[in-house]
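Enquirer: Sequence:
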Amino acid sequence: MSFSPDSALLASSSEDGTLRIWDTSAKALRTELAIGDNTYSNLTSCTLGPDGTLVASGFVSDSKFRKIRLRNTGLSTMFQVPDCEFEADHIAQSLFLSPNNRFLMSYNWGLMTGADAFSDTINLWNTNGSFHTSLQLGSLMNYVPSVPITNPFSPDSTLIASVFSESGEDGIGLWSTTTGALHTWFTGDAIRVWKFRIYLSFSPNSELLAFCNDLALFVWDIVTKSLRIKFTEGYYEHLAFSHNSNFLAFSSVSGAIAIEVWNLGTGVLQAEIARHTEEDILTSISFSPNNMLLAASFFTVSSGSIISLWDALTGDLKVRVGSHTVQVDYMFLSPDDRLLISCSKADSTIRFWDVAPASQGNSYSRGPLRFLTLPPRFRLRDIRVNFKTRAITLLLQLGQTFFVQF
Numbered sequence: 001m002s003f004s005p006d007s008a009l010l011a012s013s014s015e016d017g018t019l020r021i022w023d024t025s026a027k028a029l030r031t032e033l034a035i036g037d038n039t040y041s042n043l044t045s046c047t048l049g050p051d052g053t054l055v056a057s058g059f060v061s062d063s064k065f066r067k068i069r070l071r072n073t074g075l076s077t078m079f080q081v082p083d084c085e086f087e088a089d090h091i092a093q094s095l096f097l098s099p100n101n102r103f104l105m106s107y108n109w110g111l112m113t114g115a116d117a118f119s120d121t122i123n124l125w126n127t128n129g130s131f132h133t134s135l136q137l138g139s140l141m142n143y144v145p146s147v148p149i150t151n152p153f154s155p156d157s158t159l160i161a162s163v164f165s166e167s168g169e170d171g172i173g174l175w176s177t178t179t180g181a182l183h184t185w186f187t188g189d190a191i192r193v194w195k196f197r198i199y200l201s202f203s204p205n206s207e208l209l210a211f212c213n214d215l216a217l218f219v220w221d222i223v224t225k226s227l228r229i230k231f232t233e234g235y236y237e238h239l240a241f242s243h244n245s246n247f248l249a250f251s252s253v254s255g256a257i258a259i260e261v262w263n264l265g266t267g268v269l270q271a272e273i274a275r276h277t278e279e280d281i282l283t284s285i286s287f288s289p290n291n292m293l294l295a296a297s298f299f300t301v302s303s304g305s306i307i308s309l310w311d312a313l314t315g316d317l318k319v320r321v322g323s324h325t326v327q328v329d330y331m332f333l334s335p336d337d338r339l340l341i342s343c344s345k346a347d348s349t350i351r352f353w354d355v356a357p358a359s360q361g362n363s364y365s366r367g368p369l370r371f372l373t374l375p376p377r378f379r380l381r382d383i384r385v386n387f388k389t390r391a392i393t394l395l396l397q398l399g400q401t402f403f404v405q406f
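If you number the sequence shown the way the UniProt record's numbering does, the last residue is 406 and the count never jumps.
Hints listed in this document are in silico derivations from the structure and should not be mistaken for laboratory results.
Careful: at least some of the hints might be erroneous.
Pairwise CB distance ranges, derived in the manner of DEER restraints [to be verified]:
no., residue 1, residue 2, range
1, GLU272, GLN397, 30 to 40 Å
2, ASN291, ALA26, 38 to 48 Å
3, PRO335, THR158, 23 to 33 Å
4, ARG390, HIS276, 28 to 38 Å
Think of the CB as a built atom: it goes at the ideal place given N, C-alpha and C, for glycine as much as any other residue.
Whole structure, please, built from the sequences with the hints as guidance.
Expert: Written as structure tokens, this is what we have:
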């Protein structure tokens, strides 16, 4: 069992696969979520929708039973879909929900092609439970778990991006979610689907696509199908677009400069952020909603993670926020730039930081306002933060979902 930071909620779990959220003031059950029954007990994939209101799970018990389940988390009254369960042709090894909550995409692991082989099919389902279409690709590799593609849907939910290899040529394909047809593809000598770490990201306005690996970085204009930026010397990671789509921040693994911010309108370097020490490894970057601040987390073995806020236009340090003992995987800045929420999957901790000093010219924050630590058996898989409803949705490794108010 675990209390929320304000003691208003109590989470309890049971061996029957259910997780219950209790209101401690009303002494009543707030919500109950289940990960499944004994028939389909083996979870193959699980994902939260971008706003945390939907959760999709893939299950399999043997070659006869392959299911995908879609459930509401109970956080939304504006958008509701019926809880549903539908058959899958293959084991759903990776699932994604579109930003508009209308489509569920599954990458499939072919049962007949061997344990290490992937099918050439991406299935697209309607979230009412009906099948929508299939996208036929070549040798899919962006399914690989180590590849940090958080969501292949464009923000407007009209396109799906996939790294692929077709007839010996590696590239990035864009596919229509309406028809399933190929929209366009981008190629380049440095695009390699077999690379261990690949980053792929749409701009918030769905007009740009950024890609990087340990060989190069590309930014394409989806509307004109032209190349906007190309770097072929370096090892690049961690793509982050500003919310107005005018800037792109990314990291370089080697050298004194850890983060570069580029103006996508002019194509020139806007700002550079240096490492604190040579040992610093950037683990997460994120723009503030007003596009003026850049949150960055640096990790070292000796000192853990240090979170800082920087001026996105000048690269000047605004505030040293605080630290985690382990790597930080997620950071979320509130629309008023006063609250930062950081999360680490390694120890399943969530911390809430007062970052108002960043706008007041102070160099240090006042430390964490509060923090939440999940019990050891609750290993965190993913997290969504909704500042409008002040709700955090947590997805655990075994498929349970629960939420806390802040």
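Enquirer: So, for every hint listed, does it hold in this structure?
Expert: Tested hints:
1. One distance hint, 30 to 40 Å for the beta-carbon pair GLU272 and GLN397, holds here, with the actual separation near 38 Å.
2. Separation of ASN291 from ALA26 is about 41 Å and conforms to the stated range, judged on CB atoms against 38 to 48 Å.
3. Checking the proposed 23 to 33 Å range against PRO335 and THR158 shows it holds: the Cβ atoms sit about 25 Å from each other.
4. Between ARG390 and HIS276, the C-beta spacing of about 32 Å keeps the proposed range 28 to 38 Å intact.
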